[in-house]
Amino acid sequence: MIGKAAILLFSIALASGSLQAQTLTSGLRGATPLDQEGPAAPMTPMRNTSEREIRNYPEQPPVIPHSIDGYQIDINGNKCLSCHARARIAESLAPMVSITHFMDRDGQFLASVSPRRFFCTECHVPQNVVTPPVSNDFVDIDTLLSRAAPGGRR
Amino acid sequence: MSTADPIEPRRSWLARVWTFVVELWDVLRRPSSVFGLGVLVLAGFVAGVMFWGGFNTALELTNSEKFCTGCHEMRDNVFAELKSTIHFSNRSGVRASCPDCHVPHNWTDKIARKMQASKEVWGHLFGIIDSREKFVDHRRELALHEWARFKANDSLECRNCHSAESMDITKQSPRASVAHQRFLFSGEKTCIDCHKGIAHHLPDMRGVPGWQ
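Chains as they are written, first to last, in our numbering: chain A, 1 to 154; chain B, 1001 to 1212.
Treat the hints loosely; a few may be bogus.
[What the hints assert, rightly or not] Using C-beta positions, here's what the derived DEER-type ranges look like:
#1 A:S98 x B:K1110: 31 to 41 Å
#2 A:P42 x B:D1137: 25 to 35 Å
#3 B:K1110 x A:R55: 26 to 36 Å
#4 B:F1183 x A:E37: 40 to 50 Å
#5 A:P42 x B:S1131: 38 to 48 Å
Note that these hints are calculated values from the structure, not bench results.
Note that CB positions come from ideal geometry on N, CA and C, so glycine has one too.
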């Protein structure tokens, strides 16, 4: 009985000790306590190389390799399309919007970009020059398949 | 005193002004019998300096951001839109205010533009764009006027600050560098052809060359 009580007391002391020692921090938040607002991270420059980037999987919307500050995309106009539209690529040398963007929801091809694909930045985003705060061990399918034991150890 | 004067019928306001003008003309057309020629020349010179200074000061007063944003049409629409753009706030702290882009800096062109602007006073008095809805309805027409003006003077107001000669394309992004070499340096296009809507929101762009 005494032994049981001692174990219980010991475990409670251990648990409370570990609770107190636990600092509520994470890689994204930094050391700021949860009930406070930490300093904002500095703005980082936008990647502006104009070099196309490899997609991680075939369905991935290509990322935008240039700055798009102040680009207007609304009912009045679409700045992206002034280079990426079908009729504009000869002059701009930019890649044309994918033919899938001309399809409506029923798979019918329209004469121009479908309204549901009009707002480019819903899928395509520019990239900032940052060190990712959370590490990522994603490998693409080609790398995975070329391994000695596909799908096995990493 | 009034008893000494013969009482004549009260003349009309116009007749009295006319008499004054005729008398003034008589004085002006005769050589001065009191002041020396030097005094007159000097006084004329000083008066000229004061008039010219006053005229230009008044002109410059109408050429300020404060004057432009004095009307709510400008303050609540185009000026509000300018505030989020790079021409209002940027890393080096250089700001382009309204007249830097919308009033020619050359004197004769400036006066011509100021005369045109008298129509804008008319528009203000009669409330042509005195609500957000009315402004949005007129935005395309207003934008087309400015684009035509920039196109006609080869984007002069842009080039007052952004000169092609002093542009270091190696410091530009690859995309900008290529585009400027192909279209700007070759003279094929002028600034406004590509850079529309950089300081204000765009109107309905259907039918504008280069836009969908």
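To see whether the hints hold, each was checked on the structure:
1. A:S98 x B:K1110: 31 to 41 Å: Check failed, 49 Å falls outside 31 to 41 Å.
2. A:P42 x B:D1137: 25 to 35 Å: Roughly 42 Å apart at Cβ, these two residues miss the hinted range, so it is violated.
3. B:K1110 x A:R55: 26 to 36 Å: This hint is violated: roughly 53 Å between Cβ atoms.
4. B:F1183 x A:E37: 40 to 50 Å: holds (47 Å)
5. A:P42 x B:S1131: 38 to 48 Å: holds (41 Å)
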